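Which chain is which? The protein sequence lines are C and H, in order. Residue numbers for the first sequence follow our numbering, so the first one is 154 and each next one is one higher. Residue numbers for the second sequence follow our numbering, so the first one is 21 and each next one is one higher.
These are computed hints drawn from the structure, not numbers from a lab. Every value quoted in this text rests on a predicted model; they were computed, and no experiment measured them. Treat the hints with care, since some could be wrong.
Pair by pair, the computed Cβ-Cβ distance ranges are [unchecked claim]: (1) C:Arg-264 x H:Ala-107: 35 to 41 Å; (2) C:Val-330 x H:Leu-167: 27 to 33 Å; (3) H:His-263 x C:Asp-322: 53 to 59 Å; (4) C:Asp-236 x H:Phe-289: 29 to 35 Å.
Sample of chain C residues with no beta-carbon within 10 Å of chain H, all distances over it, derived [said to hold, decoys possible]: (5) Gly-175; (6) Glu-182; (7) Glu-308; (8) Ala-323; (9) Ser-339; (10) His-347.
Glycine included, every Cβ here is placed at the ideal spot set by N, Cα and C.
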Amino acid sequence: MMEIVEVTDVDFSYGTGNTLQGINLRVAEGEFLGVVGPNGGGKTTLLKIIAGLLAPTRGQVRVFGRPAARCGRFIGYVPQFADVDLTFPITVRDVVLMGRLGFTSFLGGYREKDEKAARWAMEQVGVWDLRQKRLGNLSEGQKQRVLIARALAGEPRLLLLDEPTASVDAEAERAVVQVLRKLRKSMTIIMVSHDLQLLKDLVDRIVYVNRKLRWISEDSDTSLSSFLQLGN
Amino acid sequence: MEGFFQALSSYSFLQYALMAGVLASIASGIAGTFVVVKRISLISGGIAHCILGGMGIAYYLGFDPAQGAVVSALIAALIIGLVSLKAGQHEDTVIGALWAVGMALGIVFIARTPGYNVDLMTFLFGNILLVSPEDLRLMALLDGLILLATALLYKQFLAVAFDEEHARLRGMPVELLYLLLLMLIALTIVVLIKVVGLVLVIALLILPPAIAGRFANSLFQMMAAAVGMGMLFNAAGLVVSYHLDLPTGATIVLIAGMAYLLAPVGQRFLKKAPALAGRG
Numbered sequence: 154m155m156e157i158v159e160v161t162d163v164d165f166s167y168g169t170g171n172t173l174q175g176i177n178l179r180v181a182e183g184e185f186l187g188v189v190g191p192n193g194g195g196k197t198t199l200l201k202i203i204a205g206l207l208a209p210t211r212g213q214v215r216v217f218g219r220p221a222a223r224c225g226r227f228i229g230y231v232p233q234f235a236d237v238d239l240t241f242p243i244t245v246r247d248v249v250l251m252g253r254l255g256f257t258s259f260l261g262g263y264r265e266k267d268e269k270a271a272r273w274a275m276e277q278v279g280v281w282d283l284r285q286k287r288l289g290n291l292s293e294g295q296k297q298r299v300l301i302a303r304a305l306a307g308e309p310r311l312l313l314l315d316e317p318t319a320s321v322d323a324e325a326e327r328a329v330v331q332v333l334r335k336l337r338k339s340m341t342i343i344m345v346s347h348d349l350q351l352l353k354d355l356v357d358r359i360v361y362v363n364r365k366l367r368w369i370s371e372d373s374d375t376s377l378s379s380f381l382q383l384g385n
Numbered sequence: 021m022e023g024f025f026q027a028l029s030s031y032s033f034l035q036y037a038l039m040a041g042v043l044a045s046i047a048s049g050i051a052g053t054f055v056v057v058k059r060i061s062l063i064s065g066g067i068a069h070c071i072l073g074g075m076g077i078a079y080y081l082g083f084d085p086a087q088g089a090v091v092s093a094l095i096a097a098l099i100i101g102l103v104s105l106k107a108g109q110h111e112d113t114v115i116g117a118l119w120a121v122g123m124a125l126g127i128v129f130i131a132r133t134p135g136y137n138v139d140l141m142t143f144l145f146g147n148i149l150l151v152s153p154e155d156l157r158l159m160a161l162l163d164g165l166i167l168l169a170t171a172l173l174y175k176q177f178l179a180v181a182f183d184e185e186h187a188r189l190r191g192m193p194v195e196l197l198y199l200l201l202l203m204l205i206a207l208t209i210v211v212l213i214k215v216v217g218l219v220l221v222i223a224l225l226i227l228p229p230a231i232a233g234r235f236a237n238s239l240f241q242m243m244a245a246a247v248g249m250g251m252l253f254n255a256a257g258l259v260v261s262y263h264l265d266l267p268t269g270a271t272i273v274l275i276a277g278m279a280y281l282l283a284p285v286g287q288r289f290l291k292k293a294p295a296l297a298g299r300g
């Protein structure tokens, strides 16, 4: 199967010491990859490097055969909940339509095809009925699904999710998982999560990131748990 | 109240003042909304005070200070914008320094301007009652520019204000859009200087949108409500200052400030209102 994410010998530093060191990662088309690791271990940084939002200090990142920074239009990115200003006065519809930026004309409003794509995305995650509501007035799970809809509105081939079930209740988590099960059939997904059970149920492979990257053996629950508990 | 309307029909300076309030509210409602949601009131304050430097230089060199204000506003927006993009953690220090230096430059050049004395107080505190038809034309022109730019780039400005990182992922020129936004805010400050002066300009820029933000569902609603509220505060300030013989700019700001303090009460009342109606 074709490899669509190729991370080769990547180091990354925010200025003091390497946050990531010697990272090598290949993700095949259609694969669902889980990323685990301790807080501050570099999981989000790795996701942002793959999204082209951060440039590695050493090494190479290619997505769909091109440098990651030039692949934004193929990538849907769902940030961590805390990174989005939820007090901002904005409707669900306006958030999801933002996923069409880069696909529509630069000047003026959105076009009919953008409205259609946004509607499709909202229907996929079950927030179409909430489209006129203010984002800040939704439940945690609904907000998370709106951010997933924004990523889907650009019809991505690669979906990157940063802890999509963190800070949501059990019911909201079930709704998000249901959406992810549906999406995995149509796109490649890389998801950062602390929820081991969730990852084991959903993903094809799991990598552990704590400055360096290590593969987690596929069939060993003990191996996975010990990695997280010991912070190896 | 009757006395004010009689005076309004008789005195053109009051009519101009009312028109200036309307024009200022359009600019401040739109640009101020971005200032509030993007949380850049310090940057906007820096730009406002740097404008005095440009106006002082324009006076000293014999140019029209209004034109000097426009040019210096745009230059100040570019400089402060670039500083805020590059300075990182030292942003507030550098902007604070530019704020003071820009203002000091203006005071020095105005003091050294030969020929006649310029009333520094008019710049600092404004005087809406001295607005001329030329001032109104400039304000209308700047309003037109602000409206046009916002209409053309609304979705980009919204994206940059809400989530810069996502806008960057979608290929938007985030830094350029941010600088453009600051330039619109700078032009708005030029419009507002006539009404409330440099010192009070931030109040009129942020208070109406800050109140509107409590009730609005979208950025567009917030802008529209802020424009409406700005017009209301300007008109009310004009009426109250006329009857009580108070400085108009300061009265407008005090009314806006009182509305801002009362806004949480109004918000609570609005939230309870449907429940109370349901009981009946």
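Hints versus structure:
no.: 1; hint: C:Arg-264 x H:Ala-107: 35 to 41 Å; in the structure: holds, 39 Å
no.: 2; hint: C:Val-330 x H:Leu-167: 27 to 33 Å; in the structure: violated, 46 Å
no.: 3; hint: H:His-263 x C:Asp-322: 53 to 59 Å; in the structure: holds, 56 Å
no.: 4; hint: C:Asp-236 x H:Phe-289: 29 to 35 Å; in the structure: holds, 34 Å
no.: 5; hint: Gly-175; in the structure: holds, 26 Å
no.: 6; hint: Glu-182; in the structure: holds, 20 Å
no.: 7; hint: Glu-308; in the structure: holds, 13 Å
no.: 8; hint: Ala-323; in the structure: holds, 27 Å
no.: 9; hint: Ser-339; in the structure: holds, 20 Å
no.: 10; hint: His-347; in the structure: holds, 21 Å
The structure shown violates just one earlier hint, number 2.
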